[in-house]
Each structure stands twice: as C-alpha cells, then as structure tokens.
Amino acid sequence: MSAFITFVRAGQQPILLGILASALAATSYGVAQFLARKLVVGQAPALVVTTFSLVAGMVILGVLSGRGMAQDRHAPRRDFLFMAIAGLLASGGVAAMFYALSMAPLVVVSPIAAVNPLVSLALAHFFLQRLEKVTLRIWIGAGLVVAGVVLVTLGAS
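Quick note on my numbering: the sequence shown kicks off at 1 and runs consecutively.
Incorrect hints may appear among the rest.
[Claimed, not checked] Beta-carbon label-pair distances, calculated as ranges:
(1) 84 <-> 153: 18 to 24 angstroms
(2) 45 <-> 65: 16 to 22 angstroms
(3) 151 <-> 82: 32 to 38 angstroms
(4) 107 <-> 136: 29 to 35 angstroms
(5) 139 <-> 64: 17 to 23 angstroms
(6) 43 <-> 80: 24 to 30 angstroms
(7) 45 <-> 85: 22 to 28 angstroms
(8) 136 <-> 54: 36 to 42 angstroms
(9) 80 <-> 148: 35 to 41 angstroms
(10) 151 <-> 71: 42 to 48 angstroms
(11) 47 <-> 107: 19 to 25 angstroms
If you are wondering where the hints come from, they were derived from the structure by calculation, not from laboratory data.
Yeah, the Cβ is synthetic: ideal placement off N, Cα and C, and Gly gets one too.
Given only the sequences and the hints, what does the whole structure look like? Please build it.
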C-alpha cells in the first residue's frame, strides 16, 4: 500500500489513471469476448454479432464524445485519415476475434489475441521513438507474456 501512496504522491496521477483505464479495458474486452463466444456458437453469425456490437458502441461513443467532435472538426485531414485507418483496423480486429471465437474455444482464442501488445511495442519502437521509450525490460516482459500465451494455448489443446 505504501508503494501505491508513493506512486500517487510522486505526481504520477495521470499514469495511475492510465493503469486503471487499462484494467477497465481488459475487463471490458474479457467480458465482450465471453459474450461473443456465447453468441457466435450456434446462435448468430460472427459478422452479425460484430456489426451489432460495433454499431451499439458507435452510438454510445457518439453520445459521449459529442462535445469533443466539435473541436476535432478543425483537426488536420491527416489526423482524420489516421482515425479512419485506426477504426478500420479495430473493426477488422473485432470481426476476426468474433470469427475466431466461433471456430475455437475462448480459452485458446483470447490468449492468442492477447499478444497484440507485441505489435504495439514494435510499432512504438520504430515510429514513436520521441514519444515512447521501449526498453529491454519492457521487451522481456512482453516475451514473458508470449511465453504465457504459448503455455496456455498448449495446455488448452
């Protein structure tokens, strides 16, 4: 507990909020994968589940970010292009995940999909060197994650 208090006192509150948001994201993704697996096995096609979930998310996010959109409409066109590409890739990822869940067990699919931070680390290392520092310690941690994924996947099959 004292490490937590020291962490907050050291002016790292934005980092703490980022960690909490990451935990919320992990929980949300985990629950979404569980629900998707339940739906795509014999009840609905994976693309239908994907479409409905993304439309529902878009409506909710549209309501929550309405004020911010007024400011963002003056952003450079390049930023809009990157947002569109990110949206297409995220939607493709959700569709691929739901399709995978319709074909294989959740306990196999979810850990394999959880390797996505390696892609982010590699991209950050090559393209965001001024913003992000990817250290050897981070790569070792990511390698341990991959090793865990391999063990979980082998154990499940």
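Starting from the range 22 to 28 angstroms, see whether the pair residue 45 and residue 85 falls in it by beta-carbon distance.
-> Given a distance of about 26 angstroms, which is inside 22 to 28 angstroms, the answer is holds.
Has the hinted range 17 to 23 angstroms been met by the Cβ atoms of residue 139 and residue 64?
-> Between residue 139 and residue 64, where Cβ atoms are some 35 angstroms apart, the hint is violated.
Does the Cβ-Cβ separation between residue 136 and residue 54 fall within 36 to 42 angstroms?
-> Given a distance of about 37 angstroms, which is inside 36 to 42 angstroms, the answer is holds.
Should the hint that residue 151 and residue 71 are 42 to 48 angstroms apart at their CB atoms be regarded as holding?
-> holds (46 angstroms)
Return holds or violated for the Cβ distance of residue 47 and residue 107 against the range 19 to 25 angstroms.
-> Once the Cβ atoms are compared, 23 angstroms apart, the range 19 to 25 angstroms for residue 107 and residue 47 holds.
At the C-beta level, are residue 80 and residue 148 separated by a distance inside 35 to 41 angstroms?
-> Once the Cβ atoms are compared, 38 angstroms apart, the range 35 to 41 angstroms for residue 148 and residue 80 holds.
Kindly confirm whether 24 to 30 angstroms is satisfied by the beta carbon distance between residue 43 and residue 80.
-> violated (37 angstroms)
If you check the beta carbons of residue 45 and residue 65, does the distance land in 16 to 22 angstroms?
-> violated (29 angstroms)
Supplied distance hint 18 to 24 angstroms, evaluated on CB atoms of residue 84 and residue 153 = About 33 angstroms separates the Cβ atoms of residue 84 and residue 153, which means 18 to 24 angstroms is violated.
Does the Cβ pair residue 151, residue 82 satisfy 32 to 38 angstroms?
-> holds (36 angstroms)
Between residue 107 and residue 136, is the Cβ distance one that fits in 29 to 35 angstroms?
-> Holds - the Cβ-Cβ distance for residue 107 and residue 136, about 31 angstroms, lies within 29 to 35 angstroms.
Hint compliance for this structure: hints 1, 2, 5, 6 are not met, and every other hint is.
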